[in-house]
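Fit chain B to the supplied structure of chain A, relying on the hints for placement.
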Amino acid sequence: MSTRAAPLLEASDSSYKLRKAKDRLIRGLCVAFTLLALVPLFSVLYYLTARGIGGVNLAFFTELPRPVGETGGGMANSIVGSAQLVGLACLFGIPPGLLAGIYLAESGKGGLAKVIRFTADVLAGVPSITVGVFVYSLLVLTLGRFSMLAGAVALAVLMVPTVTRTTEELMRLVPEQLREAGLGLGLPRWRVTLKITLRTALPGIATGIMLAVARVAGETAPLLFTAFSNRFWNDGIDQPVSSLPVQIYTYAVSPFEDWHQQAWAAAFVLVVFILILNITARLLVRHRVKGR
Amino acid sequence: MSSVSNPPSIVRRTPRWLPLLGRSANPGDAVFRSVSRLFALLILVLVLAMAAQMAFAAEESFKEFGWGFITSQKWDPVGQRYGALPFIFGTVVSSLLALLLAVPVALGIAIYLSELAPLWLRKPIGFLVELLAAVPSVVYGLWGVFVLAPLMATTVEPALRSTLGFLPLFSGPNQGFGMLSGGVILAIMILPTISSVSREVLQAVPANLREGAIALGATRWEVVRVGVLPYARPGLVGAVILGLGRALGETMAITMLIGNRPEISASLFAPSYTMASVLANEFAEASQDLHLAALAEISLLLFAVTLLLNIVARLLVWQVSRGEAKGAR
Chain A
1 MSTRAAPLLE
11 ASDSSYKLRK
21 AKDRLIRGLC
31 VAFTLLALVP
41 LFSVLYYLTA
51 RGIGGVNLAF
61 FTELPRPVGE
71 TGGGMANSIV
81 GSAQLVGLAC
91 LFGIPPGLLA
101 GIYLAESGKG
111 GLAKVIRFTA
121 DVLAGVPSIT
131 VGVFVYSLLV
141 LTLGRFSMLA
151 GAVALAVLMV
161 PTVTRTTEEL
171 MRLVPEQLRE
181 AGLGLGLPRW
191 RVTLKITLRT
201 ALPGIATGIM
211 LAVARVAGET
221 APLLFTAFSN
231 RFWNDGIDQP
241 VSSLPVQIYT
251 YAVSPFEDWH
261 QQAWAAAFVL
271 VVFILILNIT
281 ARLLVRHRVK
291 GR
Chain B
1 MSSVSNPPSI
11 VRRTPRWLPL
21 LGRSANPGDA
31 VFRSVSRLFA
41 LLILVLVLAM
51 AAQMAFAAEE
61 SFKEFGWGFI
71 TSQKWDPVGQ
81 RYGALPFIFG
91 TVVSSLLALL
101 LAVPVALGIA
111 IYLSELAPLW
121 LRKPIGFLVE
131 LLAAVPSVVY
141 GLWGVFVLAP
151 LMATTVEPAL
161 RSTLGFLPLF
171 SGPNQGFGML
181 SGGVILAIMI
191 LPTISSVSRE
201 VLQAVPANLR
211 EGAIALGATR
221 WEVVRVGVLP
231 YARPGLVGAV
241 ILGLGRALGE
251 TMAITMLIGN
261 RPEISASLFA
271 PSYTMASVLA
281 NEFAEASQDL
291 HLAALAEISL
301 LLFAVTLLLN
311 IVARLLVWQV
321 SRGEAKGAR
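As given, the protein sequences belong to chains A and B, one line each in that order. Numbering of the first sequence is given in my numbering, commencing with residue 1 and proceeding in unit increments. Numbering of the second sequence is given in my numbering, commencing with residue 1 and proceeding in unit increments.
This is chain A alone, in the form it adopts within the complex:
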């Protein structure tokens, strides 16, 4: 549109060329910045693949870590530990998040709802390490030891605000007519909410949950002093457990070459898992948008 207006101006505005040049300069700068931002992304992905993929073999997925000095071994306990932590975190974090989101979407017009919505947003920005400190004094001090339970609770606290806000936003997108139709059939409001509104919004909410899972799967800081780590298999929910992110940290800052190799391999596996979750979530969204 601007190009159509331009010729008219060219005659009257002597600085037109200058303005056009400035426009081009800033556009170029924006493109350059965008490309610049992608450099670290591709660098990270390149090094993960180049250094990590060599360490990914059957032993990596099936064996326990070996002591320093012995080559080989795997990170099976950390992989299982991460899965257990994330699974438990979902169990603790998703139902409250869903219900809170439902409340905000369906009956959240008053002042209380506003405060809660705001708090959820703010909670999402709280540093994850302080969540670790909180859960440490809440569960580790009272139970007397680091435990899988504490780690999972810390991750759940990080999930709740995301799940809440996603649920709320997606349920608000459900057309009012659907609710009215349900109510018109004589359904009580809570059944309309669960069977119609929630069900309609569910695919989108599932996508949001996938993104939340992808995020907490890579969280390290809150696990350092809640789930701690464990060189062996975890013995129960009240025992410390090893996880991939914490193990990557331990190996990366160690002085041993073998451990560095393991850290790269573990990071490669973790990032591949997270990227798959992210990309699947995006594809699901796009698929649905196209379907409509």
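These are computed hints drawn from the structure, not numbers from a lab. Nothing here was measured: the structure is a model prediction, and the numbers come from that model. Where a beta carbon is used, it is the ideal one built from N, C-alpha and C, also for glycine. Among the hints, erroneous ones may be present.
Listed next, the stretches of chain A that the computed footprint assigns to chain B, with coverage defined by at least 3 CB atoms under 8 angstroms from CB atoms of chain B [what the hints assert, rightly or not]:
hint, region
1, 100-107
2, 152-165
3, 168-174
Calculated lysine-lysine pairs in the DSS-like style (CA-CA distance at most 30 angstroms, straight line) [unchecked claim]:
hint, chain 1, residue 1, chain 2, residue 2
4, A, K114, A, K195
5, A, K109, A, K195
6, B, K123, A, K20
7, B, K123, A, K22
8, B, K63, B, K74
Relative to the frame of chain A, chain B by itself:
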């Protein structure tokens, strides 16, 4: 839809105590509403409990050191003397450095993606930028230790010294692990936060502002500068503050790169220490009560500051996006 129930049968079974739960035609509604409200309240309780718990844990340190805690430079777990100033300094400086590096780039991306880029390019590039946020902090740390730090030590820091070495900022030995590397890794990590929130803010700017500028013969950039940016400014400031909050609380990557030495140095090449890093390094091993209390106080400080920043930032972002809801101006 075969499950459409017959409400009267439910209504008949209404127990007497149910009206206590609220005015509702259907008892199921009252129960459901109360339960969901309970979980919504849980979020509020969680934040308050976090603040209370940390304040309680930090009490001993606060009694022992008072306000001197934040002005003292001495952090000595053996001698039981705790002062948080080096950590506060490291946190603030590394975060500001990160903002300095990330804000122009992030705003450039946001403007490009919401105003200038061809439509078909916006989604894929936006996705790639958001992938930057998906990479876990510890993986950035790993990459930082083995790729960024050597690069800083062998290339970037010598280059800075030879050109700007007369400034105390760029003096001293180059080690790769220090404030500058920490700031760079933080910048990479907050970039997607700032750019995606800014992009949302820019997209919330009413189209008629753009159309008006275009009708006056403005170039693409002039449309942005005259029509879009003034309207979006509070939201953009909010986005930057959100990025700052993220930078202050970021833990793993910076712990692996900043060098972890509680010293205040004028040089950006020198190692430093942040509040989050000292928590990550010492919390699990702290055995003395006073040590734990001092760490809890640092955690409380960090929590309070990021909470405050987030509140301000959200209010600013809301200000812009709510204007859109009203179709304002």
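Results of checking the hints against the structure:
Residue count for the region 100-107 of chain A with a Cβ under 8 angstroms from a Cβ of chain B: 6. That meets the three needed, and the coverage hint holds. With a cut-off of 8 angstroms between beta carbons, the region 152-165 of chain A has 4 residues touching chain B; three or more are needed, and the interface restraint holds. Using a Cβ-Cβ cut-off of 8 angstroms, 0 residues of the region 168-174 of chain A lie near chain B, which falls short of the minimum of three, so the contact claim is violated. Distance check on the hinted pair: K114 of chain A and K195 of chain A sit about 25 angstroms apart at the alpha-carbon level, within 30 angstroms; holds.
Using a Cα cut-off of 30 angstroms, the hinted pair K109 of chain A and K195 of chain A holds, with the two alpha carbons roughly 22 angstroms apart. Distance restraint check for K123 of chain B and K20 of chain A: the Cα-Cα separation of roughly 27 angstroms lies within the 30 angstroms cut-off, and the hinted pair is therefore satisfied. Taking the CA atoms of K123 of chain B and K22 of chain A, the gap is about 26 angstroms. The hint holds against a cut of 30 angstroms. Distance restraint check for K63 of chain B and K74 of chain B: the Cα-Cα separation of roughly 17 angstroms lies within the 30 angstroms cut-off, and the hinted pair is therefore satisfied.
This entry does not satisfy hint 3, going by the numbered hints stated previously; all others are met.
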